[in-house]
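Enquirer: Given chain A, work out where chain B should sit, using these hints.
The listed protein sequences derive, respectively, from chains A and B.
So the first sequence is numbered by our numbering: it starts at 2 and just counts up by one.
So the second sequence is numbered by our numbering: it starts at 16 and just counts up by one.
These are calculated hints, taken from the structure and not from any lab test.
Glycine is no exception: its CB is placed at the ideal position from the N, C-alpha and C atoms.
Hints should not be assumed to be uniformly reliable.
[Said to hold, decoys possible] Residues of chain B clear of chain A, computed beta-carbon distances all greater than 12 Å:
#, residue
1, LYS17
2, PHE19
3, LYS20
4, ARG21
5, LEU22
6, VAL24
7, VAL25
8, LEU26
9, ILE28
10, ALA31
11, ILE32
12, GLY50
13, GLY56
14, PRO57
[Unchecked claim] Label pairs and their calculated CB-CB ranges:
#, chain 1, residue 1, chain 2, residue 2, range
15, A, GLU194, B, LYS20, 28 to 36 Å
16, A, ARG254, B, ALA31, 48 to 56 Å
17, A, ASN188, B, ARG52, 19 to 27 Å
18, B, LEU26, A, ALA170, 24 to 32 Å
19, B, LEU26, A, ASP187, 24 to 32 Å
20, B, GLY30, A, ASP200, 22 to 30 Å
21, B, GLY18, A, LEU189, 25 to 33 Å
[What the hints assert, rightly or not] Partial list, derived from the structure: chain B residues whose beta carbon lies under 8 Å from chain A:
#, residue
22, SER48
23, GLY49
24, TRP51
25, ARG52
26, GLU53
27, LEU54
28, ASP58
29, PHE59
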Amino acid sequence: MTTALVVGVGAVGTRAARQLIDTPGISRVLLADRDIAQLREVAEILGPDAQAIDFLPGDPLPTDVGVVATALPAGLDHDVVAAAIGANVPVASSEDEHDAIDQLRALVPNAIAAGTTIVLGCGLAPGLSDVLARHAADMFDAIDEIRVARTGWAGPASVATVRHERRIAARTWHDGGWREEHPHGDNLVWFPEPIGARDCRPVTAGTALLVDAFPTVPRLSVQLGEPPRRTRFRRRFGDEGEWGACRVEVWGRRSGTFDTVVYGVVERTAVAAGTVLAVVAARLAGALEPLVSNPGIHGLAALTEPVPLLSELAQRGVRAAAFEGVSIA
Amino acid sequence: MKGFKRLLVVLGIAGAIGALARLRGKGEVAQTSGGWRELEGPDFR
Numbered sequence: 002m003t004t005a006l007v008v009g010v011g012a013v014g015t016r017a018a019r020q021l022i023d024t025p026g027i028s029r030v031l032l033a034d035r036d037i038a039q040l041r042e043v044a045e046i047l048g049p050d051a052q053a054i055d056f057l058p059g060d061p062l063p064t065d066v067g068v069v070a071t072a073l074p075a076g077l078d079h080d081v082v083a084a085a086i087g088a089n090v091p092v093a094s095s096e097d098e099h100d101a102i103d104q105l106r107a108l109v110p111n112a113i114a115a116g117t118t119i120v121l122g123c124g125l126a127p128g129l130s131d132v133l134a135r136h137a138a139d140m141f142d143a144i145d146e147i148r149v150a151r152t153g154w155a156g157p158a159s160v161a162t163v164r165h166e167r168r169i170a171a172r173t174w175h176d177g178g179w180r181e182e183h184p185h186g187d188n189l190v191w192f193p194e195p196i197g198a199r200d201c202r203p204v205t206a207g208t209a210l211l212v213d214a215f216p217t218v219p220r221l222s223v224q225l226g227e228p229p230r231r232t233r234f235r236r237r238f239g240d241e242g243e244w245g246a247c248r249v250e251v252w253g254r255r256s257g258t259f260d261t262v263v264y265g266v267v268e269r270t271a272v273a274a275g276t277v278l279a280v281v282a283a284r285l286a287g288a289l290e291p292l293v294s295n296p297g298i299h300g301l302a303a304l305t306e307p308v309p310l311l312s313e314l315a316q317r318g319v320r321a322a323a324f325e326g327v328s329i330a
Numbered sequence: 016m017k018g019f020k021r022l023l024v025v026l027g028i029a030g031a032i033g034a035l036a037r038l039r040g041k042g043e044v045a046q047t048s049g050g051w052r053e054l055e056g057p058d059f060r
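The shape of chain A in the complex, shown without the other chains (with noise of 0.2 Å):
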């Protein structure tokens, strides 16, 4: 039995912590956050199994800890990546703004020095979008482009987040390197319903962990959609959260011809990057099968094999569709 520290109690750390009090290998949560008042309010609400202690990013972790669980603000999961791969703990953090991922893949060398394994952009896109990328890809005998977008925002940290990479230039993997887009206007991509057509727009947030596990693909993208303003208004704790939704395109060859294949999922963004977030801890700490082990740091589609998450995530009610029928190239 093991137990889990989850920093952060947030729209997508409360439900990571629901889902692994949920765990039969998850004895004990502990719940760390900056707002005392809400991580009272959390641990009270998650009963028994779940205690909240005084830890913030910088500090030693708790020494009977076997995994840890992030859902922080963009930039702040350095130092608590660091800590663990001082104390050999491994991690699962659903960073996925760009500059905070590329600080935390520099831990690299760290990590498999330490022997641990530090797993980033556990939530929908990335996260899920990494394992359908990688579902899909395994049809194929040789893939052109992948392509992953996304609508829908955890809370208000996830809302900054999205605001601030539709904002700047994006850095797309082109024919085998970086190339720089300047935003200049939105892309219609079609979601699975009842999110339907969303505007998009391309961004880097979690290209580099595409390229990591697919660095032979010619072309890689991400698109994000763009939240409405009364977010920031209608949002309080405890809601159930805005829908989200996200869209995997993989085009290739295989049987000789070409092809495609469309993936998608529709949720609860926080109750999507939530579960993939607990699953994915609970791996790390062998209380799920099969175990998660690969010292370094890696995004889901270089790690897990997905079958076995996707069956973990359908279970707790995460469930991906394929679309069948003709494709907008």
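Expert: Just chain B now, kept in the frame of chain A:
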């Protein structure tokens, strides 16, 4: 006063033209044909 009335007329005509263009516009979004099917089975295909 005369200029104000002219401005109102111009705005009214512009609004009417805009409304007509919106109603009769043919700028449709390209549709995909098909549907979504939940992944299932041992291989989740």
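Enquirer: Give a verdict on every hint.
Expert: Now for the hints, and whether the structure bears them out:
no., hint, verdict
1, LYS17, "holds (41 Å)"
2, PHE19, "holds (34 Å)"
3, LYS20, "holds (37 Å)"
4, ARG21, "holds (36 Å)"
5, LEU22, "holds (31 Å)"
6, VAL24, "holds (34 Å)"
7, VAL25, "holds (30 Å)"
8, LEU26, "holds (27 Å)"
9, ILE28, "holds (30 Å)"
10, ALA31, "holds (28 Å)"
11, ILE32, "holds (25 Å)"
12, GLY50, "violated (6 Å)"
13, GLY56, "violated (10 Å)"
14, PRO57, "violated (8 Å)"
15, A:GLU194 - B:LYS20: 28 to 36 Å, "violated (50 Å)"
16, A:ARG254 - B:ALA31: 48 to 56 Å, "holds (54 Å)"
17, A:ASN188 - B:ARG52: 19 to 27 Å, "holds (24 Å)"
18, B:LEU26 - A:ALA170: 24 to 32 Å, "violated (39 Å)"
19, B:LEU26 - A:ASP187: 24 to 32 Å, "holds (30 Å)"
20, B:GLY30 - A:ASP200: 22 to 30 Å, "holds (26 Å)"
21, B:GLY18 - A:LEU189: 25 to 33 Å, "violated (43 Å)"
22, SER48, "holds (5 Å)"
23, GLY49, "holds (1 Å)"
24, TRP51, "holds (4 Å)"
25, ARG52, "holds (5 Å)"
26, GLU53, "holds (5 Å)"
27, LEU54, "holds (5 Å)"
28, ASP58, "holds (6 Å)"
29, PHE59, "holds (5 Å)"
Hints 12, 13, 14, 15, 18, 21 from the list above are not met by this structure, while the remaining hints are.
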